[in-house]
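Colleague: These are the residues of each chain, in order.
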Amino acid sequence: MITPSFRPIAGHAVLVELATEISEEVADAIVSLDRAIQEAGIEGVRETTPALVNLLVIFDPLVTDHAQVGAAVSALLPLPEKGGAAVNTREVDVCYEDGLCPDLDAVAQATGGSHESVISAHLAGDYRVGMYGFAPGFAYLAGVPEGAQVPRKPAPVRGIPAGSVMVAGPQCIVTTVKMPTGWSIIGRSPTQIMLSDPDKPFLFDVGDRVQFRRISRDDYERAVS
Amino acid sequence: MSSARLKVVHAGPLVTLQDEGRFGALRYGVSAAGPMDRLGFASANASLARPVGQTAIEVSLGGLTLECLDGPLTLAITGGAFVLSLASQNLSGWQVLTLAPGEQLSIRGGNWGSWAYVAVAGQIEAQEWLGSAATASMTNFGGGALSAGKVLTVTQAEALPGREGPISLPDHYAPPKSIRVTLGPQDRHFSAEQIAAFTQDKFTVSGAYDRMGMRLEGPSLSPEGALSIPSEPILRGSVQVAGDGRATILLADHGTTGGYPKIATVLAEDQDLLTHLRAGDVFSFTVVTSQEALQIARKEAEVRSAYLEQLAAPRATLAEKLMQENLVGGVIAETPD
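Residue numbers (numbering that gives the first Met the number 0), protein chains in the order written: chain A, 0 to 224; chain B, 0 to 336.
One chain only, chain A, in its complex shape:
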């Protein structure tokens, strides 16, 4: 069983640490604990940010304090065993055709494979939303197989369009806004990640599974037109 530690931050937050190393078990525990905190409606808790090995709890100092928040979170333990809540699987379409995959050549070279071997590897991955960060809707999807893994570029490239499917190491991101990035772009997706609905702002929740599906250039053009 995972026992969290609590680190007080300023006068209005607590970092709940579940581990120092990333693992599937820790990721599951963070999703369960985050869900439990939200469902418990702990008095004074304003917002939580789940990440890879810990989660941040921001609270209203006029209502509660670090110790009370820590005690309320501890009271939610032990967490329900895995399988307590359904895991969603989200499908994301990707077009890997010319003009939409500027770094596919370089990734093929770096992995000693071909366009097709990189694409197959990318499609074969079992992805999980580890956390969000960097920019609105940038979900870090862990699970890129070795055949599509490359290190970050030495310097970021500007103006990478929204919808880019990019990889760095074992992580993949489908971008939502135009950004500079040092990640390698291997395709483009027409799937809307940013829903802009206040009740469900983005397609993924942390902990969701993601499956990529290959589409043709025609399908891509139809989807974005």
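Among the hints, erroneous ones may be present.
[Said to hold, decoys possible] DSBU-like, lysine-lysine: derived pairs with alpha carbons at most 35 Å apart:
1) K199/A x K149/B
2) K149/B x K6/B
3) K149/B x K177/A
4) K199/A x K177/A
5) K199/A x K152/A
6) K177/A x K152/A
7) K176/B x K201/B
8) K6/B x K177/A
9) K149/B x K298/B
[To be verified] Chain B side only, calculated, beta carbon under 10 Å to chain A, not exhaustive:
10) S30
11) W128
12) L129
13) S237
14) T256
15) K261
16) E291
17) Q294
Hints listed in this document are in silico derivations from the structure and should not be mistaken for laboratory results.
Virtual Cβ for every residue (Gly too), placed ideally from N, Cα, C.
Go by the hints and put chain B onto chain A.
Modeller: Below, chain B without anything else, positioned relative to chain A:
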């Protein structure tokens, strides 16, 4: 009440519409945005007896010139010590004034401070994203940046002559020499010598300062073997140290997670004045415990709400003032010689 229109004649970079912020979406990579100086922003709205979180203009050192197309409209200007020009007359910041149609107001940087706020006696029509008009500089989502030619529509516009004049500043509202922090949450990646340097040495604000963060020049704080730690949540005020040993304080438009260790976190109450520092300004960090930080947060909330309430308190109208004078005059007149 009717509507008024303000035309942007000039706007420097990073002049944006902001409300109190977009809360609840950190988990999706969306930081709150909102004003850099939350106290200055709230004061502008309170001076016009408007809800303290409603949409106002944040002005950068790039400055702003507005022309009133339809009015009249009363405005409140707060923030750093900016200089205002109205009809070729110069005023200092922290003013309530009324623009008549055809009049122009210019706001530019003054003796100190990096941000000014312009609130209106009415409601600025602004694009919202996820329920908030706060503009995130990285994406321009929300109300957006202002640029020359843009026309702002203000609904329920009012002229409030009874509120015109200088606004009294909050206590101790000046560029800070010392910024209070709690250590951590990743201070364990730093040596005792580095923690000592962080708490005792001076830091200088570098030119790399925008709504996302403020990079500092100071002692090198290269973390020990921390470059491969898993990314962790960031909050506004996090002091992160990059691989080159330099510290950056993350502010309104911060990323929500990041892999650089956070040596300390600036108290929310000290962030407002911190944002007014400029490149070259020098300050130091003062460490407090989380218990002390909590007490500071509670005390400061009380002080601020009392101050804002006082700003918003009803003002006597001109008619009431005359009436009071007449009454006083009447009393005097009736006093027997």
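Colleague: Could you run down the list of hints and mark each one as holding or not?
Modeller: Evaluation of the provided hints:
| no. | hint | result |
| --- | --- | --- |
| 1 | K199/A x K149/B | holds (31 Å) |
| 2 | K149/B x K6/B | holds (6 Å) |
| 3 | K149/B x K177/A | holds (24 Å) |
| 4 | K199/A x K177/A | holds (21 Å) |
| 5 | K199/A x K152/A | holds (33 Å) |
| 6 | K177/A x K152/A | holds (18 Å) |
| 7 | K176/B x K201/B | holds (10 Å) |
| 8 | K6/B x K177/A | holds (29 Å) |
| 9 | K149/B x K298/B | violated (41 Å) |
| 10 | S30 | holds (8 Å) |
| 11 | W128 | holds (7 Å) |
| 12 | L129 | holds (5 Å) |
| 13 | S237 | holds (8 Å) |
| 14 | T256 | holds (3 Å) |
| 15 | K261 | holds (9 Å) |
| 16 | E291 | holds (8 Å) |
| 17 | Q294 | holds (8 Å) |
Of the numbered hints given earlier, the model fails hint 9 alone.
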